[in-house]
Amino acid sequence: MYSQGSIFRPEVIVMNPAEILKKLLLRPLLPPRKYPGPQQWTVHPERRQREITLWRDTNGEEVTKRLIEQRHLALRLPYGQSISSSSPTVSSSRTDKQEAGSSGKGFAIAMVLSLLLLLILLPHTVSKKHSINCTAVDDPLPIPHEFYQPGDLIVGGIVSQVFNFHNTPDFTLQPAQMLFNEPISVPKNYQHNLALAFAVKEINENPNLLPNITLGFHILNSYYVPRMTYKASLSLLSTQWKFVPNFKCDRKNKLVTIIGGLTTDISVNMAAIISLYRIPQITYGIFSPEHGDKMLFPHLYQMVPNEAYQYMGVVRLFQHFRWNWIGLGAIDDDDGDKFLTTMVPLLTENGICFDFTIRFPKVTYLQEAIDLLLEQRDIYTIQNKTRANVYFVYAVPAFVFALRMFLFIAPFVSLPPVHKVWILTCQWDFASFSFEKNWDIETFHGAISFTVHSNEPLGFQKFLQDVSPTWAKGDGFMKNFWEQAFSCSLKNSEVVGDSNKICSGNEKLKSIPMILFEMNMMGHSYNVYSAVHAVAHALHGIYISRSKHQRLPGENVQPRQIHHFLRSIMFNNSAGDTLCFHENGELKTGYDVTNWVTFKNGSFARIKVGRLDPWAPAGKELTLRDDQIVWHKTFTQGWPVSVCNDPCYPGFSRKRKEEEKFCCYDCDSCPEGMISDQMDMDACTKCPEDQYSNKHQNQCVHKVISFLSYKESLGIILALTAISFSLITALVLRIFMKHRATPIVKANNTSLTYILLISLLLCFLCSLLFIGQPVKMTCLLRQTTFGNVFSIALSSVLAKTITVVLAFMATKPGSRMRKWVGKKLANSIVLSCSFIQAAICTLWLSTSTPFEYRDMSSLRGEIILECNEGSAAMFYLVLGYMGFLAIVTFTMAFLARKLPDSFNEAKFITFSMLVFCSVWVTFVPTYLSTKGKSMVAVEIFSILASSAGLLGCIFFPKCYIIMLRPELNNREQIMRMKN
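In numbering that gives the first Met the number 0, the protein residues as written are 0 to 978.
Hints are computed from structural coordinates only; laboratory data are not their basis. Every value quoted in this text rests on a predicted model; they were computed, and no experiment measured them. It cannot be assumed that every hint is accurate.
Cβ-Cβ distance ranges computed for the label pairs, FRET-style [said to hold, decoys possible]:
#1 434 / 467: 22 to 28 angstroms
#2 857 / 764: 40 to 46 angstroms
#3 408 / 569: 46 to 52 angstroms
#4 200 / 576: 17 to 23 angstroms
#5 615 / 275: 46 to 52 angstroms
#6 416 / 618: 52 to 58 angstroms
Mimicking PhoX-like on lysine-lysine, the simulated pairs with C-alpha atoms at most 25 angstroms apart in a straight line are [stated by the list, open to error]:
#7 337 / 361
#8 361 / 509
#9 436 / 200
#10 507 / 599
#11 436 / 472
#12 702 / 607
All C-beta atoms in this analysis are idealised placements derived from N, C-alpha and C, irrespective of residue type, glycine included.
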């Protein structure tokens with residue numbers, strides 16, 4: 000661009016004198032070292048410090064300076080440099096330095112004087128024009144791979160396309176001669192360059208965007224190594240093709256932004272240099288969360304969301320497919336350590352375990368690659384025997400290369416193929432070296448990766464069709480790309496490999512295998528394309544804000560001014576996507592979930608099967624279309640299963656195995672009343688109170704409401720039985736009332752007989768209170784009513800028995816029992832005995848009132864509607880009192896059974912009390928051992944049986960005589976029977 004001997008005007012960076020003072024005072028006050036002359040200099044790229052010839056002054060004197068490769072460059076003034084208002088000459092005197100080095104005190108005085116001189120002359124110096132021969136300053140170690148297109152404003156780019164494999168050092172050659180020993184291109188990454196060039200072309204042809212301003216670009220290669228990344232960063236900041244750090248003499252090529260890099264390490268290394276100049280840096284590759292502190296990188300913008308979001312998406316993917324037993328893979332370096340340090344706790348927190356970890360060594364020397372990989376044979380054997388069918392790998396280029404090489408050499412050392420599901424991070428793009436194009440990729444069939452979001456800009460396909468070896472001047476990447484992509488040799492260049500084919504120059508990019516180059520715009524290329532447009536819109540905003548009518552020239556734009564507009568842009572690109580940055584400098588975008596389908600001819604297809612949106616609501620970040628996913632051919636039964644052991648099916652819960660990871664477990668069946676309705680539940684869940692577990696313990700079923708109903712057969716039978724006995728009792732009462740004048744009725748105390756029959760009638764009827772759905776009123780009445788009525792019946796029987804005994808005793812001469820015989824005694828016995836039971840029932844109702852109750856737990860599958868007696872003690876006290884009356888009656892009747900009375904009822908009463916006691920003695924254990932309607936039926940049966948016993952034993956013989964043997968029911972016959 001400049002003719003030989005042209006004069007240029009350098010830019011001198013103006014710094015605050017206080018800042019200069021601070022930098023100088025903070026420097027260690029060490030004596031200046033002796034600088035060797037130019038004749039002693041050799042290129043040694045591995046050294047961190049080297050001395051190079053920078054320029055010759057106007058007098059032709061050679062000057063040497065020291066280049067220090069480090070992240071932060073401080074302003075340093077060479078010793079012996081003079082500053083004056085006239086055209087300065089830069090010189091270095093070895094004698095002066097030696098003298099200064101002889102005395103530390105003299106050196107300190109010289110430093111202070113230099114500082115004062117600088118502070119005095121700096122304002123005058125920066126305003127002067129200097130004449131220095133710019134073209135005479137050559138870069139001693141130029142970067143061979145660069146792509147330059149001039150323009151008013153320059154967009155810088157640092158890409159990673161060419162990689163250098165080194166031979167194992169044998170110490171026969173200088174290390175500097177091996178720096179670019181074997182440059183191997185990654186042809187697919189050349190699309191990043193083309194995307195940047197295409198974006199610049201679009202902007203320059205758009206009259207509505209940056210009118211009268213021409214964008215240019217300057218792309219350099221990083222070679223995936225820090226020292227070359229630093230070198231590329233400094234080269235972009237220096238004069239083109241001239242390497243003078245912190246010094247730029249070319250005003251026509253104004254650098255406004257730098258786009259790069261592909262990996263986190265490259266981006267961080269770039270930022271260490273670029274951030275000092277406040278130039279916007281836009282990364283188009285992944286940026287690790289460990290470096291997400293914007294205080295460290297305030298001028299860095301990310302086209303890819305933070306890597307932490309990707310890890311979260313992978314966890315959601317594992318949870319979606321219920322994969323909890325996986326393998327991990329990472330490169331054996333600091334990046335791999337950071338990956339594992341981040342992922343292992345994250346997986347553990349979400350219930351996911353890893354069976355093993357693959358750590359491939361980083362290949363530095365190509366000859367040693369196979370030996371290093373073969374050392375991993377044991378891991379290869381383990382991963383083929385494991386139950387883990389899913390491998391999640393940190394797919395940085397170094398790991399992918401080592402993995403593919405390992406899979407390539409596996410058949411040659413009798414290792415079986417690997418048929419697993421590969422889950423890969425967004426660094427994976429199937430980018431391959433040219434010598435990998437024939438390697439089998441079938442192993443990755445069905446792989447899933449979180450890829451950088453991509454789209455297809457209009458016109459990009461046509462742009463690629465026009466690319467040829469001569470399509471653009473200044474493209475230093477083209478030769479390596481074209482030769483290695485098409486396996487041929489361009490004219491005037493060495494033959495590539497063993498091929499003798501000469502490139503015609505008419506080859507088409509679409510004929511390159513997909514493993515080496517893709518015609519569709521890839522994710523990282525799309526980020527480069529979008530980054531250029533973002534910068535253009537930010538610049539356009541600057542021009543609009545300065546003047547609505549005047550378009551200022553590009554050289555007036557300062558890079559630091561772009562930040563405000565870059566953070567606030569929002570526009571739609573030609574692909575239809577909306578671009579805007581988050582407040583932390585991240586582009587508001589997400590990841591595509593891509594399914595990789597390979598074919599036998601070595602090609603493959605990308606299928607977008609989902610989307611990861613970090614800005615979506617929690618739990619809804621990942622969306623998948625399961626039906627579109629193609630799995631590896633070995634998985635034919637739905638989606639693959641990757642668990643430590645067979646899953647626990649519904650009805651079982653997981654029980655952790657001792658001394659194993661928590662993902663390995665046994666399966667225990669759920670206990671009664673609990674279920675598990677999903678696979679691999681950690682614990683069974685208890686059914687609600689109104690539900691119960693089914694036979695398989697995998698579902699809760701609503702319980703049936705249970706009570707003794709009139710609609711079921713048992714309730715109908717008991718009800719009919721009670722009514723039948725009631726009618727019989729009423730019939731007996733009717734018979735006795737009709738024949739009340741007969742001797743057999745008169746002889747048995749008519750009033751007690753009526754009381755007994757009426758109480759028995761009520762006993763039969765009160766059993767109906769136990770049938771039907773319990774309500775508050777029935778619960779209050781049924782036990783107390785039965786207790787009182789039956790006590791009256793027993794009291795009547797007891798009164799009859801006592802009356803018989805007293806009547807017999809009264810027949811003896813001079814007996815005092817005569818006065819006791821009569822109705823008063825009988826009525827008194829009935830009233831007193833009944834009153835005691837009534838008092839007990841009153842106490843019961845006043846202290847522990849019975850109430851309706853829903854018994855949820857006694858019977859499986861039933862909700863028992865019953866009456867809770869309130870107090871079991873009072874209930875059994877009522878039964879106990881009736882038992883007491885029965886025992887007393889039985890005793891009296893048993894003693895009076897042989898008394899000489901023609902109508903003596905004692906014998907029948909004895910049998911009736913035996914029936915009563917037998918029934919109620921068996922009632923208690925039976926009542927306690929039954930639940931629900933059966934318990935109610937037992938009590939009804941006991942009431943009916945005991946009442947029927949009394950009715951039958953006492954009244955059946957009398958009814959037999961009255962109805963069937965009336966001839967026996969007269970006084971003569973009674974006297975005959977007595978004689």
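Results for each hint:
Between residue 434 and residue 467 the Cβ separation comes to about 24 angstroms, which falls inside the hinted range of 22 to 28 angstroms. Taken as a hint, the range 40 to 46 angstroms is violated for the pair residue 857 and residue 764, whose Cβ atoms sit roughly 29 angstroms apart. For residue 408 and residue 569, the hinted distance range of 46 to 52 angstroms is satisfied, since their beta carbons lie about 50 angstroms from each other. A hinted range of 17 to 23 angstroms holds for the C-beta pair residue 200 and residue 576, which are about 19 angstroms apart.
Between residue 615 and residue 275, the C-beta spacing of about 37 angstroms breaks the proposed range 46 to 52 angstroms. A hinted range of 52 to 58 angstroms is violated for the C-beta pair residue 416 and residue 618, which are about 38 angstroms apart. About 15 angstroms separates the Cα atoms of residue 337 and residue 361, which keeps this hinted pair within 25 angstroms; it holds. Pair hint residue 361 plus residue 509 does not hold up; C-alpha atoms about 33 angstroms apart against a cutoff of 25 angstroms.
A C-alpha spacing of about 31 angstroms is found between residue 436 and residue 200, which places the hinted pair above 25 angstroms, so the restraint is violated. With a CA separation close to 22 angstroms, the supplied pair residue 507 and residue 599 stays within the 25 angstroms bound. As the CA atoms of residue 436 and residue 472 are separated by approximately 28 angstroms, the hinted pair breaks the 25 angstroms bound. Between residue 702 and residue 607, the direct Cα distance comes to roughly 48 angstroms. Violation of the 25 angstroms bound is thereby established for this hinted pair.
In the structure shown, a violation is registered for the earlier hints numbered 2, 5, 6, 8, 9, 11, 12, in ascending order.
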